[in-house]
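Colleague: Residue-level listing of the chains:
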Amino acid sequence: MTENKYVKEEQIVYANLLDIGMKIGLAVLIITFVIYLLGLLPNQIPINELPNLWKLNVHDFLEKTGFPTGWGWFKSINKGDYLNYIPIAFLGGLTILCYIRVLPIFIKKKDTAYTILTLLEILILVLAAAGIFKIGH
Amino acid sequence: MQNFKKSILCFFVLSLFFLLFYSLSFAEVTEVAQQVNSSTNSLPWWFWPLSLFIFTFILGILAVLAGVGGGVLYVPLVSSFFPFHIDFVRGAGLFVALTGALAAGPGLLRQGFADLRLTIPLALIASTCAIVGALVGLKLPSNIVQTLLGITIIFIVIIMATAKKSEFPEVKEPDALSQALHISGIFYDPSIGKEVEWKIHRTPLGLGLFILIGLIAGLFGLGAGWANVPVLNLILGAPIKVAVATSKFLLSITDTSAAWVYLNSGAVIPMMVVPSVIGIMLGSIVGVKILAVTKPKIVRWIVIIVLGFAGLRALLKGLGIWT
Chain F
1 MTENKYVKEE QIVYANLLDI GMKIGLAVLI ITFVIYLLGL LPNQIPINEL PNLWKLNVHD
61 FLEKTGFPTG WGWFKSINKG DYLNYIPIAF LGGLTILCYI RVLPIFIKKK DTAYTILTLL
121 EILILVLAAA GIFKIGH
Chain C
138 MQNFKKSILC FFVLSLFFLL FYSLSFAEVT EVAQQVNSST NSLPWWFWPL SLFIFTFILG
198 ILAVLAGVGG GVLYVPLVSS FFPFHIDFVR GAGLFVALTG ALAAGPGLLR QGFADLRLTI
258 PLALIASTCA IVGALVGLKL PSNIVQTLLG ITIIFIVIIM ATAKKSEFPE VKEPDALSQA
318 LHISGIFYDP SIGKEVEWKI HRTPLGLGLF ILIGLIAGLF GLGAGWANVP VLNLILGAPI
378 KVAVATSKFL LSITDTSAAW VYLNSGAVIP MMVVPSVIGI MLGSIVGVKI LAVTKPKIVR
438 WIVIIVLGFA GLRALLKGLG IWT
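So the protein lines, in turn, are chains F and C.
Position 75, counted from 1, in the first sequence is what the numbering used here calls 75; the numbers after and before it change by one each time, with no gaps.
Position in the second sequence (first residue = 1) + 137 = the numbering used here.
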């Protein structure tokens, strides 16, 4: 792959971290899904019950299954279905990591506008990831 | 070689018809499945994830050939023709669009087609509004979401069918905001064998439009490449290659915020997300390999027709006319 000589430092740093993170995330996604499919760990929701549940809206689904919202799944990652949320959350968090990685570069360059914009984006994404914005049940 | 090209073309035209037929068959199966009492559902559990995998594999190929994002095809087609509730389809759709964008991001950034300085201000607005869209979407009754989705998809079809694109838009004078933010760049375009210098204008208008784009992305769980590209290219004046690449990369940030809302609200089911993500990624890899020996223009038109049909189906389903 040709690298553009005009590409700025922060862009290359972002790309490199994204590349590694994406590969790790996808590999773990496949591994945890295979563990789930093979039934190597007990599941919170029996797999053969899923066809009766995924047609419900999310409110009814949560009520019927007792499935946790927010980061509640993290307490039970020894369950096969919950285990899948590790790579899903990792892929969801990868952009935050990339932003955190480029922030010091903007600070070092004394690029005030982009330092503020990057900080605000990190704040928004961290709040979203923390579950501040969710529909409660 | 000619015969090979013809057979590849035939294969894809057949695939497209198969997709349409498959969708219609699923609609019937779905209706039958809904009539059958849940406890006596005769289909084994693996039928739907496997079908979803095959379906998204074909979608992945078509998305590449038609030059559209997988997310925009995924939500209307899967919500119309599979038995999954639209809440979970939107959650999975966001992860499909997100992982596609994350995977494409490194290459696009390194080559200089996607631009981080251009992306950061747009992403901040779009990702914030995507959160609002996602929260509204999860609060609304599903028939309203389905109806609005149908209308939006029909609107997208019109944009896709009529929008012009400009290879190298003329930007006489960059606006003050883009100058203050130092948004400009240079990339090497192999198709003309030259380095292309670009800058943008009308930045405040472009930023305003990203409010709407973010809302729609979050509300329906759609990747918003169909809207990003015309705004970046025709409004802001970025060259088409920069617009397409930056749009793709931008999705990785916009969809991240909305994806977290769906994930934290319990609207992400791994049994739907993982087969979809893997299916569409494998399909995209195959799609890229055969892009050279097909006629993307024909495929693009067939995809527009299939998408139009899915939009109409979503609209009629939402209105209770075709349930």
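In short, the hints are calculated from the structure, not lab data.
Please note that the accuracy of each hint is not assured.
Now the stretches of chain C that chain F is said to cover, found in silico as 3 or more residues with beta-carbon under 8 Å [stated by the list, open to error]:
#: 1; stretch: 204 to 217
#: 2; stretch: 284 to 291
#: 3; stretch: 316 to 327
#: 4; stretch: 362 to 372
#: 5; stretch: 396 to 403
#: 6; stretch: 407 to 418
Glycine is no exception: its CB is placed at the ideal position from the N, C-alpha and C atoms.
Colleague: What are the numbers of the hints the structure violates, in ascending order?
Modeller: 1, 2, 4
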